[in-house]
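Student: The chain contents come next:
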Amino acid sequence: MAGVRTSREKWGNRIAIATVFVALIIMLTPIYWITATAFKPRNLATTIPPTVVFTPEVSPFVKLFTKRSQLRDQPTQKEYDAAPWWEQMVFDGGEKVVRNRKTGEVRPSGYADRFKNSLIIAITSTLLAVSMGTLTAYGFSRFKVRGEDDWMFFILSTRMLPPVVVAIPMFLMYRVVGLNDTHLGLIILYTAFNLSFAVWIMKGFIDEIPKEYEEAALVDGYTRMQAFFKVVLPEALTGMAATAVFCFITAWNEYAFALIMTTRKAQTSPPFIPSQIGSGLPDWTVIAAGTFLFLIPVAVFTFLLRNHLLRGMSFGAIRK
Amino acid sequence: MAQIKMINVQKFFGQNQVLQDLNLTIEDGEFVVFVGQSGGGKTTALRAIAGLETITSGKILIDGVEVQDRKAADRDIAFVFQSFSLYPHMTVRENITFPLRAVRMDKTARDKAVNETAEILQITEHLDRKPSSLSGGDMQRVAIGRALVRRPQALLMDEPLGVLDSKLREQMRSELKRLHIARGSTSVYVTHDQIEAMSLADQMVILHDGVLQQVGAPDDVYLKPKNLFVAKFVGSPVMNVADVQINGSEVTMKGVDTGFTFDESTLASLAKYDTEITLGLRPEAILLSQARTKGYTQAVTTNIEPLGSHDIVDVRLGDTVLRVRTESGFVSGEGQPVWVGLDTTQAHFFDKKTELNLRGAA
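Taken in order, these protein sequences are the chains called L and H.
Here the first sequence is numbered in this note's numbering, starting from 1 and rising by one per residue.
Here the second sequence is numbered in this note's numbering, starting from 1 and rising by one per residue.
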C-alpha cells in the first residue's frame, strides 16, 4: 500500500494487526490443546490446574490403534520385561493390550480401517461432486436452459433442509436397497450434499470465463467437448480447487449420517473417535490422538491447494 | 480463399428479428467491412458466417457449398474476437499452434507454420511468453496469427481493434491492410467505426436494424448514399440535414427568407415525387464567404472546432445549424456574420417519409 499514511491510519493498522493476533490465539488454542493432549500421559490429561509442561509420549497413539482392557492384576516383572516398549507404556497407564490368545498377535482397534474409510469416502465423493458440479455449471452457464433460474433455485433449495431431518427415512431406504454400512452409500450421500454447493460455486467461476475462449476453439476445428477440456477446464481449475477443499472438508467432517448409516465395515473416523472414550473414566488422550490424526489430511489438502484457494476466494475479482 | 454468399438469411432471437432477408455476395479475396450501429445485426451476420450462430432460415454458401448446417469447425474459417480470446494458460506459441493441433498437423510442419506466421506479424520474440505479459497491440497480432496460421478460407474479424487506443488502432489498421494485400485472403470485418470501415474496405456493407442498407465501395457509399441512414452514418462530421420547401428553382430552409438557387432540371425531377423533401449537405458542400456574394444567404457562426488541417464551423441559418468544413482560420470567432452558399452538385435530396435518396446517383 503506497501513499501517505496519517498517524490515524497507522494506529488503525496497529489495531487491525492486534485483532488478527487475538483471533489467531482464539482459533489456534484448541488445536494446540488437542495436539498437546494427544502426547500426554493419561494422568496429566485432566489435571486441575491444567498441565502445560510435560514429557511427551506416544502411548495415546498406541492405545488408539490397539484393543486394550483394564489391568486387573499388575503384570509380573517377567511379563513386563518381555513386552515391547510401547506395550510397557500401556501397562504404565494401568491398561493392557489385548492379544490373540492363540497367535499372540496384537488385536487392532480398527482406527486405521476407519481412517482409510474416511479417506476413500471423502476423496471419492469430492471428486464426484466437483466433476459433476463443474459439468452441470458449464451447462447452465453456456446453454439456454428452459427455466434456468428455477432450476438453479431448486438446486440451491436442496441445501435449505438440515440434512439430519431426513436421516431416518434415508436410513430406512438404505436398509431396503442394502446401502447401509457400505462405502457406496456414504459416497452417494456426501456427493448429494456437496453437489448443489459445487454447482453454484462453479457456475460463478465458469460465468467468469469468456465464452469467446470456446468459440475460438470451435472455429479452430475442435468439438465442444474438446474445447471444454482444453480451454475451459484449465481456466476453471482454480475454482475447482476451491470447491474441492470445501467439499472435502464437509465430507471428511460429517458425523450424523456416518453414525447412523454405518456400523463397522464402512464406518468413518468421526463416529469412531468418540467410541474410544473407553469404559470408566474417559481417556481423553486417546480421543485427542484420534482427533489429531484426523486433522492432518484436511490440513495437508488445504495446504497443497493454498495458491488456488487464495485466487479462488477472490472470485475473479482481480482477473487480468 | 473463397467466395461467401448469403441468401435470404433470417435470424430471430426469440421474437426479435436481428437479420432480415440478408442477401450478400463477398467475392474471393475481397476485404468486406460490415458497419452499422450497435444492435444493427453486423456481429450476428458475422457469427452466422462463422457458424457460431445458427440462422433461422436462408442459406450461407462458402465457395458454392451450403454450410448453414455445418459446425463452425467444419467451415474452414478463422475468427478474431474483439477480446482477442487468447488462452491465458498457454504461451503465445501454444496459442498459435492450437488450431493446428485440431487438424493433427505433424510437429515439424506445425513449427514451420508458427514460425512463419510469427515472422510476418513480428511477434517472434514473444513466442514463449504468456499472453498476459504482452501489450494490446501484440495481443492483437497474436490473435490474428492464431487465425491466419491455418490458412483458412476466410478470415472473420469482430471489432478486432475495438479495445486498442486510437493511435495503436491506426497503426494496426494499416498493418491489417498490408497483411490483406500480401495474403489476399477473403476477409470480413465488423466495426461500428465508419472511418475504420472506409479506410479498410473494398466493399462496405451497411446494416441497420437487421436490414441491409447499402453495399458499395467506400467512395460510392460516401458520395451516393442510398438513404438518409447511410448518409448520416457515413462521414464525419455528420451530414447536415434540413427540411426544405421547393419553389421553382429555389430551395428554402424553414425559417429562412431567401432560398438557394438550384439547376432547374434537378428540381424538376423531384417534383414528380410530391412529398416532403429533406435536404442533405455534407460539411464540404457548404461554402462560406466573408463578403456578400450572389446566391449566398447571411448567417451567424455559433461554434468553431479548429482541427489543424481544417476547421469545422457551425453556422446558424434560420432554425437550422449547419456544420461547415472550412480552411483553418477562415472564421475567427463565434457570433460573426458570414455568407452561406451551396455546392449544388453535392446536394442530396431525400424523401422525408421513406428516407430514400431521390436524386439517386447524382
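In case anyone wonders, no lab produced these hints; they're calculated from the structure.
For every residue, glycine included, the Cβ atom is placed at its ideal position computed from N, Cα and C.
Watch out, some of these pointers could steer you wrong.
Stretch by stretch, here's where chain L covers chain H in the computed footprint (C-beta under 8 Å, at least three residues) [said to hold, decoys possible]:
| id | stretch |
| --- | --- |
| 1 | 44 to 54 |
| 2 | 225 to 232 |
Partial selection, computed: residues in chain H whose CB lies under 10 Å from chain L [as the list claims (entries may be wrong)]:
| id | residue |
| --- | --- |
| 3 | R75 |
| 4 | F79 |
| 5 | F81 |
| 6 | Q82 |
| 7 | S83 |
| 8 | F98 |
| 9 | P99 |
| 10 | L100 |
| 11 | R101 |
| 12 | V103 |
| 13 | L156 |
| 14 | G255 |
| 15 | G259 |
| 16 | G335 |
| 17 | P337 |
Have a look at the derived ranges for each label pair, beta carbon to beta carbon [as the list claims (entries may be wrong)]:
| id | chain 1 | residue 1 | chain 2 | residue 2 | range |
| --- | --- | --- | --- | --- | --- |
| 18 | H | N16 | L | P210 | 19 to 25 Å |
| 19 | H | S57 | L | L304 | 50 to 56 Å |
| 20 | L | D150 | H | T54 | 23 to 29 Å |
| 21 | H | E27 | L | P210 | 57 to 63 Å |
| 22 | H | R151 | L | L184 | 51 to 57 Å |
Student: Next, verify each hint and record whether it holds.
Tutor: Going down the list of hints, with the structure as the test:
1. 44 to 54: That given contact holds, which follows from 3 residues of the stretch 44 to 54 of chain H lying within Cβ reach (below 8 Å) of chain L.
2. 225 to 232: violated (count 0)
3. R75: 8 Å, holds
4. F79: 4 Å, holds
5. F81: 4 Å, holds
6. Q82: 8 Å, holds
7. S83: Where the cut-off is 10 Å and the nearest Cβ of chain L is about 5 Å from S83 of chain H, the hint holds.
8. F98: 6 Å, holds
9. P99: Result: holds, 4 Å to nearest chain L Cβ.
10. L100: Result: holds, 9 Å to nearest chain L Cβ.
11. R101: 9 Å, holds
12. V103: 6 Å, holds
13. L156: 8 Å, holds
14. G255: 51 Å, violated
15. G259: 55 Å, violated
16. G335: 48 Å, violated
17. P337: With a closest approach of 55 Å, the P337 of chain H hint is violated.
18. H:N16 - L:P210: 19 to 25 Å: 24 Å, holds
19. H:S57 - L:L304: 50 to 56 Å: 54 Å Cβ-Cβ, so the 50 to 56 Å window holds.
20. L:D150 - H:T54: 23 to 29 Å: 25 Å, holds
21. H:E27 - L:P210: 57 to 63 Å: At roughly 33 Å between Cβ atoms, P210 of chain L and E27 of chain H fall outside 57 to 63 Å, so the hint is violated.
22. H:R151 - L:L184: 51 to 57 Å: 53 Å, holds
Hints 2, 14, 15, 16, 17 and 21 from the list above are not met by this structure, while the remaining hints are.
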